[in-house]
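Student: Protein chains in written order, with the numbering used here: chain P, 1 to 79; chain D, 80 to 239.
Simulated from the structure, these hints should not be mistaken for laboratory data. One should not assume that every hint holds.
[Said to hold, decoys possible] Dumping the calculated BS3-like pairs for lysine-lysine here, alpha-carbon to alpha-carbon at most 25 Å:
1) P/K44 to D/K83
2) P/K36 to D/K166
3) D/K166 to P/K44
Residue-level listing of the chains:
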Amino acid sequence: MDTEPPSLPEPSPEQLREWELEFEAAARRPLRQRFKYAFIRTYKPVLDDAPFRAFSTTREYREWCERNLPSWLGYGREV
Amino acid sequence: MAAKFEYTQAEEIRDVFARNGVRYLFIGKSGAILLGFPDTTQDADLFLEKSAENGERAVDALRELGFDLSDDRANEIRRGKDFVQLKNGPFDLDLVFAPDGIETFSEAWARRIEVEGFPVCSLDDIIVSKAATNRVKDRESLPRLRAFRQYWERQRRRGG
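So here's chain P without its partners, still in its complex pose:
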C-alpha cells in the first residue's frame, strides 16, 4: 500500500475546454435532471453479490477489494 501510484498525464488545453463546456451545460440543468443522467446501474461482479458487508477499518475494506474484485472494476491500485 506504500508504493507511489502511476500519475495520469495533465489534461490538454483542448480537453480542459471540452470539460468546461460540459460543466456549463450541466450548470444549466436542474439538480433533478442531473441526477437522472448521473446515476447508472450495471452489475459489478463479486461486489454486488452480497447484500451487506461491514469492515472494521477502511484499510481492511480497500484490501478486501484488492484481493477479491476483478481488477478492471478499478477498486484496486493497479489494473
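With chain P held as given, fit chain D onto it using these hints.
Tutor: Just chain D now, kept in the frame of chain P:
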C-alpha cells in the same frame, strides 16, 4: 440488484436522516454530482459521524428507508465499523465512517456545502479523499474533478 439511485431517493435520505437527527455528508462522486459535477456513478456514498448515538440514529433511519437490517447487522453499524456496504434496500448505499484523507467529521462538517438541503462535503474534501484512496477509478476521475473545482470556484466568486 437494486434499481438505480433516483433523485427522489436522495430526497428520502435527506428527509429521513434529518427527522432522525443523523449527522452525515454526501461524499465521493455522488457528492460531487450534487455540486454540479457532470459524471456517472452507481451508488451514493455517505460520510457519517462516528459515534454510538449517530450509529443508533442511522440504524433507525435506514430501517425507515427500507433497508433490511437484522439486529446483528444493525449492531455492526452501531459499533462503528469504518465502512459498511448496503445492498439490501431500495438502493445501494455505502456508509463511510472514516474516509481516507479526512481527519474528522466535524472538520468536514464545518467545510460542508448545502445544496437543496443536501449536506455535501466540500469539493476539496472530496478530492483529498479520492486522492488518498488512490484507486484506479479515483485516479482516473481526479483530473476532471480538479478542473471542475476550478470552474466551480470561479462561478462561486461570480455569484453563479
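Student: Hints first: check each against the structure and report whether it holds.
Tutor: Structure-based check of all given hints:
1. At roughly 13 Å between alpha-carbon atoms, P/K44 and D/K83 fall within 25 Å of each other, so this suggested pair holds.
2. A C-alpha spacing of about 20 Å is found between P/K36 and D/K166, which places the hinted pair at or below 25 Å, so the restraint holds.
3. Annotation: proposed proximity of D/K166 to P/K44 holds, straight-line Cα distance about 12 Å (limit 25 Å).
Checked against the numbered hints listed earlier, the structure breaks none of them; every hint is satisfied.
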